[in-house]
Structure formats: C-alpha cells, structure tokens
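Residue numbers (my numbering), protein chains in the order written: chain P, 671 to 751; chain V, 671 to 751; chain Y, 2 to 157; chain C, 2 to 157.
Any given hint might turn out to be false.
Said to hold, decoys possible - Here are the simulated DSS-like pairs of lysine-lysine, each with C-alpha atoms no more than 27 Å apart in a straight line:
hint, chain 1, residue 1, chain 2, residue 2
1, C, Lys115, P, Lys704
2, Y, Lys115, V, Lys704
3, Y, Lys123, V, Lys704
4, P, Lys704, C, Lys123
Derived by calculation from the structure, the hints in this document are not laboratory data.
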Amino acid sequence: MIVSVQMFARARDLAATDRVQLALPEGAHAGELKDALAERFPALRPVLPALLVAVNGAYATAETVLFQDAEIACFPPVSGG
Amino acid sequence: MIVSVQMFARARDLAATDRVQLALPEGAHAGELKDALAERFPALRPVLPALLVAVNGAYATAETVLFQDAEIACFPPVSGG
Amino acid sequence: MIRLTHDPIDPAGLTQLVRSPAAGAVVLFLGTVREMTAGRQTAFLEYDAYPAMAEAQLAALDAEARARWPIVEAAIVHRLGRLDLGEISVAVVVSTPHRDQAFDAARFLIDRLKQVVPIWKKEHFSDGRTEWVHPGLPAEEQPPRSGADAERSDTL
Amino acid sequence: MIRLTHDPIDPAGLTQLVRSPAAGAVVLFLGTVREMTAGRQTAFLEYDAYPAMAEAQLAALDAEARARWPIVEAAIVHRLGRLDLGEISVAVVVSTPHRDQAFDAARFLIDRLKQVVPIWKKEHFSDGRTEWVHPGLPAEEQPPRSGADAERSDTL
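This is chain P alone, in the form it adopts within the complex (with noise of 0.2 Å):
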C-alpha cells in the first residue's frame, strides 16, 4: 500500500519536506513507518526513537497498524505553551 506522511518541525527541515509518499506491506506497523523513513532521509536518523507517529489525530504505538488512507503524521516531541 502507499501511505502519505506529514512531517513537522525538526523532522519536516531534516527531510526537507513537509509529506512524503511511501510504499509498505500491506498491514504494516507505525514501527516499521519509522524504518521506511530513515531508510528515506538518513538524516532523520540521529532522531528516529523520539519521532512520533499519528494515524488519524491519535498518537500510534510501534504495533498501531496502517492503512491506506489513514491520515498519518510523523514529528518529534512538541512544544507548544
């Protein structure tokens, strides 16, 4: 399946894109998203444990399962206040 991901803040500067279209196994984890990105933008490596991952406005566990038309974000920790 391809999923399109939104990226924020730090993560969206060190990709150099603010959404990123990627292909996963069907069933795919929000954990295996993470791999498939850095896998995409090494420099999101030094980040990568303590980006997080949003299916559909809620925060995902590594095991959250994808889906095709989920709307699916990743950043790092926030800030706001």
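Fit chains V, Y and C to the given chain P structure using the hints.
Below, chains V, Y and C without anything else, positioned relative to chain P:
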C-alpha cells in the same frame, strides 16, 4: 489603663458598637481583654473562644501584652476572598 | 500592588500590569460571587474590612511570596461593599519566569488571604436572611423576618 | 472553547467568556514569550502546529477536564506564527464553583497541552541562530551564520 478596641463583623453586631473603651490593669494581656469584653457584652460569650485580637495590625496571642496607645481590634474569623 | 477598593475590579488591567518579557507565565485568580452555596441562594454579598490591618497583612503576604518565588510582578486587589452575583470580589495575579512558580504563588496568595486578611463577607440570601460568614463559628441564630419568609426558607 | 489562531490572544475577552454566577472562581493561565532562556536571549518565537490533530487533542483535554472537575466554562487558545517578546502564546481559563477546582483544572490543561498537543516552538535567538524546541532531543547542530555571530554568542 484605658484601651480603645475596634470591633468588626458579627462581633460588632453582637456588641452593637464598633468601638469600646475598657479599663484594664497595666500590662494586661489579650486574653484578659477578651474576658473584659465578655463581661461588658454578654452577647459575645458564645463566640468568645473564636474571637481574634489584633494589636497594631498584627495578630495577638492570649499572652500578648497590651499597652495604652496600641491600636487594638477584636473580630471573628475572617472570610475574605 | 496591593489595594482595597469599593469600585469594580478590572482583571484585564491587572493582567496587563504584571505582563513582562522577563516572565513566561501569568496566573490570574478571580473570586466571583456565586449564586448557590450549600443549597441556599445568595441575593448579594457585602464585604467589610479592617482596612489598615488588611493592607498590612496583604503587604506581608506579597513580601512572603516574593521571597519564596521569583515573582516578576504581582497584584492583589480586594473589593469591599455590596457585590452582586457574578461580580469579582478578589483578584490575585502573578507573573514569573516559569508556570509552576506562577500557579504556586497565586494559590499561596489567595489561600493565605482567606486565612489571615481581616475582611468579612456578609451573605444576603434571597429569602431575606443575612449572615456574617465566620469559618469555624456556628451560623447566627436569627429569627425569620416574617412567617411567610420562614415558610419559604423551610422549603429550600 | 478551543481555538488555534494567528491573531493576538485577548485574555480579557476569554476571562469574560467563562465568568458566571454559577462559578465562585476563575483561573486564567497565560504563557508569554520570555526574553531569556538558560542565559540565551530570544529575539522572537515561531509556533507551528499540526492543526487538525492539535484541535482534536485540545478537545479531548477539554472533555477530560470537564469529566474530572465541575467546570462551568473553559477556554483554551493557542497562537501560531511569529510572536514577539512578551506576547501571549497560550491562554487557558477555567471557571468552577470553588477555587481548588479552578487551579487544578487550569494546571492540568496547560500541563497536558505541553505534553500531547502537536504544536512546536522555534526559537529565534538574538545571535541569529534558530532552533526547534523538542524536549528530550539534543539541540540542533547548526553552524554559526558568521564568525562575528559565533564570537558574540560565545560571550553570552
């Protein structure tokens, strides 16, 4: 000595006055002041243990020594805010 | 800034007063006149004070807070006289570099104010009864103003 | 009331919004842009968000607070874009019957906002360097913009 005592809130209502002059022995304590107030105003007796005495803007204990020209006040527990 | 006033309190002005580029946090507390207390309906409140001592106690609380927290600016204002439902009886506002400090200092100031500052609240209930509020003292024994009032208050 | 905005936040309007005769307490928290952080001088901040998720997370926090405390009214507003020193980045305001509830609910809302709402702050330091703030991540490695800037920042 003669001391002048300001009274506030329910103490003022029970005594039906906002200021009273009392004759006390030289060196009398705040505790004795309360006893003298209860004698002068029997209506104060039910609330006497809860009444607070202030001398020159600071809370007194029963042992605080009074003096002639002190600014003395007597009032029930506060409820501002 | 410490003040007792008979005029309405302006929370916006007080908040502006404490804002500063040296502060990352502002906490404002407002006490407002609540309509219902323990099932009884308030018509309005009346606040009385022993002004000289109240100002001295407020100044001491302000100094104590500034010694405990890195306060950039602080203001405490208490209103006196008659206050209608929803009006502001007291405002405490504090600015500090970080938010925990502002929350802790504001809470300290209002908690201590209610314990030590000689100000008293008189409830004017909607059934016509009145009562000075004195924590720890039993409620005043007060005859009802009329038979009709007494019956009405029994139904509360 | 939940809102993300690029316009200046109006704390007075938000405070008015939550006031009610059903409430005896209002607590307002403001986050403001502080000039000095860990000895470094900020020139301005830039806030970015993932808006749809930020609004969903704010709504969830609002609902959680209303389940835990008897909130009469609450508002949370976060500003985005460029903010100069002293400007308000976030406002949380809560009204409740009693003051402990208002303090606890406001503190819960701002503490959790800072943990879970996808908003990010970018520091623009006065030495010309910039840095996304990501708690738990090491600071960005960023070459100084010029030798002069590097020297100046060494003296901080």
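Given hint Lys704 (chain V) paired with Lys123 (chain Y) - CA-CA distance at most 27 Å:
Measuring from Cα to Cα gives roughly 23 Å; hence the hint holds.
- Task: Quickly compare the C-alpha distance for Lys115 (chain C) and Lys704 (chain P) to 27 Å and report which way the hint goes.
- Result: 23 Å, holds
Problem - Pair hint Lys704 (chain P) and Lys123 (chain C), alpha-carbon separation not exceeding 27 Å - result: OK: Lys704 (chain P) and Lys123 (chain C) at ~23 Å, within 27 Å.
* If you draw a straight line from the CA of Lys115 (chain Y) to the CA of Lys704 (chain V), is it 27 Å or shorter? -> 24 Å, holds
Checked against the numbered hints above, the structure violates none of them.
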